[in-house]
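K.L.:
With chain A fixed as given, assemble chain B onto it according to the hints.
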Amino acid sequence: MHPFLFSRYAIMAPMKELVELYIAFLRIGCVAFGGGYALLPILEKDLVNTRHWTTMDELTDYFAIGQCTPGVIAVNVSTFIGKKRSGIPGAIATLLGFLTAPVILIILIAAFLSNFAHLPVVQHAFAGIRVCVLILILQAVLKLWKKSIVDRTTLGLYLVIFVLTAFSSLLPFSVPVAALVIAAGIFGLFFGKDGNEKKKGGAA
Amino acid sequence: MILLRLFFEFFKTGLFSVGGGLATLPFLYEISDKTGWITHADIADMIAVSESTPGAIGINMATYTGFKTAGILGALTATFGLALPSFLIILVIASFLEKFRDNPLVNKAFYGLRPASIAMITTAGVNVAKITLVQLSVFASTHRLQDLFLWKALLLAVIIFILQRKWQVHPILCLLLSAVVGIVFNF
Chain A
1 MHPFLFSRYA IMAPMKELVE LYIAFLRIGC VAFGGGYALL PILEKDLVNT
51 RHWTTMDELT DYFAIGQCTP GVIAVNVSTF IGKKRSGIPG AIATLLGFLT
101 APVILIILIA AFLSNFAHLP VVQHAFAGIR VCVLILILQA VLKLWKKSIV
151 DRTTLGLYLV IFVLTAFSSL LPFSVPVAAL VIAAGIFGLF FGKDGNEKKK
201 GGAA
Chain B
1001 MILLRLFFEF FKTGLFSVGG GLATLPFLYE ISDKTGWITH ADIADMIAVS
1051 ESTPGAIGIN MATYTGFKTA GILGALTATF GLALPSFLII LVIASFLEKF
1101 RDNPLVNKAF YGLRPASIAM ITTAGVNVAK ITLVQLSVFA STHRLQDLFL
1151 WKALLLAVII FILQRKWQVH PILCLLLSAV VGIVFNF
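From first to last, the protein sequence lines stand for chains A and B. Residues 1 to 204 in our numbering are what the first sequence lists, from first letter to last. Residues 1001 to 1187 in our numbering are what the second sequence lists, from first letter to last.
Chain B with its partners taken away, still in its complex shape:
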């Protein structure tokens, strides 16, 4: 039955993709090759859509594939299939953590885990910066410094940063403002 297979394929994806979003991609290509439910072009489109909608890319992709394959029921089945493994794993870890929060060994492990966590967040930031603030390909051909930065974006970044640091403007408001600025000033 198609719903059962959808559930199973995305359950597997959710179980083995560690590290969030893009880690699901290899599994999605495998699903595409094996089942023909989606094409590689669909996946490329969905990466673009995921970047332009809220929600994680893995979740969005599961919803999309499920819908294309078996309608709304399919969309729900695939999405829950993807979310279920990590949901169960986190429930177990959470109960463990509630019991052992003050255990010295747990604290020691976090001493190493926290810097690793921030390092990876920094990397994610660098990757976003590479596509939002600079245009390396243009700079590589012209070698002019004024072509390296996307000045409009850089200015918006500084303004948002000040809004948040100095006046604690709510991040959701900043997101809305950035969308409007993007449309009005043709980003």
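For reference, chain A alone in the conformation it holds in the complex:
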């Protein structure tokens, strides 16, 4: 197993690897409820613990970048993982895998079930699912906390941005989310510490 060889020097990653990537993200696309954040615990279980395709450190960084780049966060994160595993073909495989289930489902709903969202069974099921999504988001926060909130400065930064985003409707001005993230990155450039415990993540 030398992913290094595959991603750098082979023009086409082996078909088997691409199919694995596609299927892994097909599965993730089927359960990607409630936006990208609830995905983190699922990605951790499937991709970090079971398949060892990425590390929690890398996932953390992918989410951070996914938030300040355009587009859907889940798509951004799956592109990162596909690219890292098998180059551009890998990124295409993860993207297609992630999109397959939602696209088929929405086409079916648009064609046959215009009142889908108003069916009582659907409403009850999703009221339940939202509770689980909430816990998944809480898990994501707890998991990321240890790696990210490492001292008082980072805690302060966290609190400031949390208040600005969570209570944005109470503020007299509105701050674009992307601007906040970019400002936080620049803040890091000036006041950040070059964490020396983060030496393992970058094998690619």
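Incorrect hints may appear among the rest.
Stated by the list, open to error - Okay, the calculated bits of chain B under chain A, using three or more residues with CB under 8 Å as the criterion:
1) 1056-1068
2) 1079-1093
3) 1111-1122
4) 1128-1135
5) 1151-1163
6) 1170-1179
As the list claims (entries may be wrong) - Derived CB-CB ranges, DEER-like:
7) B:His1143 <-> A:Ser169: 16 to 26 Å
8) B:Leu1105 <-> A:His118: 44 to 54 Å
9) A:Gly156 <-> B:Phe1185: 14 to 24 Å
10) A:Lys193 <-> B:Asn1127: 26 to 36 Å
Calculated directly from the structure, the hints in this document are not laboratory data. C-beta atoms are modelled at their ideal positions from N, C-alpha and C, and glycine is treated no differently.
P.N.:
Below, chain B without anything else, positioned relative to chain A:
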């Protein structure tokens, strides 16, 4: 040609909506006003559908609009139009990151980016909690503490949390379980 316009409109949406899901909404309203492909009521319906199906709201909305406008081919065109810009941008950033992973400047930038990222995830959690665990409007009229919380949901939340922390039950299994509990206990 309609497919080309679909692609272009959603490519633009994908390129300029930063911050995920709901950031695409202003662009969708603009598409609705400009082209008449979808109505504002369609968008409201789709927000509900997106919340009740897997997949990001932006992606779902593109698929839906594309299908309504030009059938299955339209659905595929609009969806790829939306996903393409961020896909290309991430490819560039990923190659950059693979090269500069151990660069001190990159590490310093992440020192600031990570807390920002979690702060925004926390906010997303608070927003979900506001609609799942509490009923502020009922509490505001009755002022009774037992009306503030949705007790069934709160109990389910605690159970799911324990299942995951203590027994590491797979998140997908927890999602299925929550759906069943929601139906059986009339959430």
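K.L.:
Taking the hints in turn, state whether each one holds.
P.N.:
Taking the hints in turn, this is what the structure says about them:
1. 1056-1068: holds (count 9)
2. 1079-1093: holds (count 10)
3. 1111-1122: holds (count 12)
4. 1128-1135: Three-residue rule met by the segment 1128-1135 of chain B, so holds; n is 5.
5. 1151-1163: holds (count 5)
6. 1170-1179: holds (count 8)
7. B:His1143 <-> A:Ser169: 16 to 26 Å: Cβ of His1143 (chain B) to Cβ of Ser169 (chain A): about 23 Å, so the range 16 to 26 Å holds.
8. B:Leu1105 <-> A:His118: 44 to 54 Å: holds, 52 Å
9. A:Gly156 <-> B:Phe1185: 14 to 24 Å: violated, 42 Å
10. A:Lys193 <-> B:Asn1127: 26 to 36 Å: holds, 32 Å
Of the numbered hints listed earlier, the single one contradicted by the structure is hint 9.
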